[in-house]
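Asks: Spelled out, the chains give:
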Amino acid sequence: KAGVTQTPRYLIKTRGQQVTLSCSPISGHRSVSWYQQTPGQGLQFLFEYFSETQRNKGNFPGRFSGRQFSNSRSEMNVSTLELGDSALYLCASSLLAGPPGDEQFFGPGTRLTVL
Amino acid sequence: AQSVTQLDSQVPVFEEAPVELRCNYSSSVSVYLFWYVQYPNQGLQLLLKYLSGSTLVKGINGFEAEFNKSQTSFHLRKPSVHISDTAEYFCAVSASGTASKLTFGTGTRLQVTL
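In order, the protein sequence lines correspond to chains A and B. 74 is the number that my numbering gives to position 74 of the first sequence; each next residue is one higher, with no gaps. 41 is the number that my numbering gives to position 41 of the second sequence; each next residue is one higher, with no gaps.
Treat each hint with caution, since some may be false.
Computed footprint of chain A on chain B; a stretch qualifies when at least three of its residues, placed anywhere within it, have a C-beta under 8 Å from a C-beta of chain A [claimed, not checked]: (1) 67–79; (2) 101–110.
Straight line, CA to CA, 30 Å or less: simulated DSSO-like cross-link-like pairs of lysine-lysine [to be verified]: (3) A:K13 / A:K57; (4) A:K13 / B:K69; (5) B:K49 / B:K69; (6) A:K57 / B:K69; (7) B:K58 / B:K69.
Anything over 10 Å on all C-beta distances counts as not near chain B; from chain A, calculated [unchecked claim]: (8) N71; (9) R73; (10) P108.
Don't read these hints as lab results, they were simulated from the structure. Remember, it's a predicted structure, so these values are computed and weren't measured experimentally. Where a beta carbon is used, it is the ideal one built from N, C-alpha and C, also for glycine.
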């Protein structure tokens with residue numbers, strides 16, 4: 001069974017640009033969550049989608065947005081990039097959303113560098 | 001809101017020695033607790049989780065953790081480490097009702113040497 005895939009793996013952008021990252025969950029998984037990992041702030045929850053609806057949201061500005069398609073694939077978008085957006089963006093999928101301890105499977109991440 | 005504290009940013013240990021990585025949490029509601037491992041240039045892999053029941057949880061790769069409600073701790077242990085255990089370890093918590101929203105600690109870098 002294929003794991004969670006994220007594309008692209010590496011991305012370099014300049015300040016002010018926008019970027020779209022893609023995540024394909026494990027087949028059959030309906031929940032997709034996004035996390036930002038930086039050396040200074042660690043791992044922080046961005047948002048979670050289930051059945052094309054955003055169920056949970058972290059404390060990030062509106063420049064960060066996401067969506068989920070009917071096949072459960074998800075994209076996140078960051079507009080007006082800032083230097084501080086440089087990070088590893090991790091996507092995680094789980095079979096369902098809500099059952100306690102439903103295991104999340106993480107992808108390898110997309111390394112975004114903003115110059 | 002929940003929070004997680006990993007008291008040690010780095011833990012050096014010799015191969016075949018025991019290790020304990022410390023994790024404390026705070027929450028006003030019931031929580032679920034997790035330990036993840038991250039190898040270089042990879043995503044996170046679940047080592048073990050505590051949902052309810054027995055406070056001693058066994059995971060993959062010989063790791064185990066003990067949930068201590070009175071001390072709000074969930075320390076990770078392994079009786080004998082291997083070079084391949086060198087990685088970053090993250091303790092995480094999710095609250096009842098928001099199981100998919102994980103709050104992570106800052107991580108502990110386990111460095112195993114010969």
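Asks: Under the constraints set out in the numbered hints, which ones does this structure not fulfil?
Replies: 1, 4 and 10
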